[in-house]
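Taking the hints into account, I'd like the entire structure generated from these sequences.
In order, the protein sequences belong to chains A and B. Per the numbering used here, the first sequence runs over residues 1 to 312. Per the numbering used here, the second sequence runs over residues 313 to 433.
These are calculated hints, taken from the structure and not from any lab test. Hints are not guaranteed to be accurate.
Output of the computed footprint for chain A on chain B, the stretches with three or more beta carbons under 8 Å from beta carbons of chain A [as the list claims (entries may be wrong)]:
| hint | stretch |
| --- | --- |
| 1 | 347 to 354 |
| 2 | 390 to 398 |
| 3 | 402 to 412 |
Here are some chain B residues pointing at chain A (derived, C-beta under 7 Å) [as the list claims (entries may be wrong)]:
| hint | residue |
| --- | --- |
| 4 | K387 |
| 5 | F415 |
| 6 | S417 |
| 7 | L418 |
| 8 | H419 |
| 9 | P420 |
| 10 | T425 |
| 11 | T429 |
For glycine and all other residues, C-beta sits at the position ideal for the given N, C-alpha and C.
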Amino acid sequence: MPDHDDGTLNRRGALACMTWAGTGLLWSLGGGVPRAVGLETAVATEAPSAPFRFLQISDSHVGFDKAANPDALGTLREAVAKIRLLPDKPDFIIHTGDISHLSKEREFDDADQILRETGVPLFFVPGEHDLLDDDQGGAYRARYGQGSRGAGWYSFDRHGIHFVGLVNVVDLKAGGLGNLGPAQLDWLDRDLAGLASSTPVVVFAHIPLWTVYPEWGWGTQDGARALASLKRFGSVTVLNGHIHQIIQKVEGTITFHTARSTAFPQPAPGTAPSPGPVKLPAGELRKVLGVASVTFVRGAEPLAIVDTPLAG
Amino acid sequence: MPASLPPQRHRAGRRAAPLLALLFILAGGPEARSADPVVVHIDNFTFGPDTITVAPGTAVTWINGDDIPHTVVAKDRLFRSKALDTEDRYTFVFTQPGKYPYFCSLHPHMTGTVVVTGPAG
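Put into structure tokens, the structure is as follows:
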């Protein structure tokens, strides 16, 4: 995709000085009006220019109907309704995979129909649940793969930020973790080669690129090689899904963040016999489902990731 | 030393025999050694039992008891199930003796092995 960034050196310099920060601001669906005013007010007073914002949504698992959430389509619909209530429209939405539960056309259709209602462009990477058709991902690539390479990886630029979508759910090896593979890693090196180190980079993929909990496969075997390629950049944010819970980590200039699911929660690492869906008491589910909002404010406060539950 | 190795091994084998028999029973009972159908249950992201020993000609059936789909894929791709949703099953008939390591291609930390012993059926 073309880079519409017409930024000057000054702007690049300013961007380079920014860091990324996570915050725990929550807002409530129950009250009808998002309570994120703290952030919005701060932005309005400190930075006259409008902030650049995108959203991360993940693990919608459309088609899932088991005890942990008999209506995953319904909770995705609630998440989208919530996005539509945002006072400032996001520039776009990144979906970090497991759009569907079983890669059925009907599931993709339902997901697309609801996600379209956000009215903003969507970018996708596949989760392992999106590659379950007989063609092992043919359905996903036909629908979401335009302009991508290999199993569906690609990059694009917005507002001076370089975005890279990676696929780490293909060709997984017995006993192993998520996998990027040499072809994709080589492409990543070429993709990043022309960028100044001051360019903020956002990398998104389904399975965490760093090792969260290998006993449950929560990591990427060759993720360290991708992170090594990103080391020279002053600001890198890695957005993942897959584990259906928020886990954040900062390592040098790299901030890692995993998003909630809109379908069902999974246990914290090692706290259950398996990473299977957690069934919560009635009324608790929507507190652990949600989306993440990533805001990039120029010349003022740093970028912030705000995780928003469906209900507070 | 090499001259004394065979009798040592023999004695060790005799001592281990009852233990091995017990292990076979624990691993799947006497039926695991016959050509009767054998079932491997997938629960809590685990193949149970993770290792089974069967006779040639045995039909092995995997049943997914989890709320999350799994697959059964041979490491050498000899067999590969579709995604098994809850209570879905997949059967493969093992005709040739050998060791068949397999895994779930969605959750590759899930691994298991089918050992086929005896003459080809």
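Structure-based check of all given hints:
1. Counting residues of the stretch 347 to 354 of chain B whose CB lies closer than 8 Å to any CB of chain A gives 0, so the stated coverage by that chain is violated, three being the minimum.
2. Here's how the stretch 390 to 398 of chain B fares: 4 of its residues keep a CB closer than 8 Å to some CB of chain A, so the rule of at least three is met and the hint holds.
3. Only when three residues or more bring their CB closer than 8 Å to a CB of chain A does the claim for the stretch 402 to 412 of chain B stand; here the count is 0, and the claim is violated.
4. Nearest Cβ of chain A to the Cβ of K387(B): about 5 Å, under the 7 Å cut. The hint holds.
5. A cut of 7 Å between beta carbons decides the hint on F415(B): the least distance to chain A is about 4 Å, and the hint holds.
6. Among the interface hints, the one on S417(B) holds; its C-beta lies about 6 Å from the nearest C-beta in chain A, closer than the 7 Å criterion.
7. Hint status for L418(B): holds, given a least beta-carbon distance of 5 Å to chain A, under 7 Å.
8. Using the Cβ-Cβ criterion of 7 Å, the hint placing H419(B) at the interface with chain A is satisfied: the shortest such distance is roughly 5 Å.
9. At about 4 Å, the closest approach between the beta carbon of P420(B) and any beta carbon in chain A falls short of 7 Å, and the interface hint on this residue holds.
10. Taking 7 Å as the C-beta cut-off, the interface hint given for T425(B) is violated, the closest approach to chain A being about 10 Å.
11. A distance limit of 7 Å between C-beta atoms decides the matter here; for T429(B) the minimum to chain A is near 22 Å, and the interface restraint is violated.
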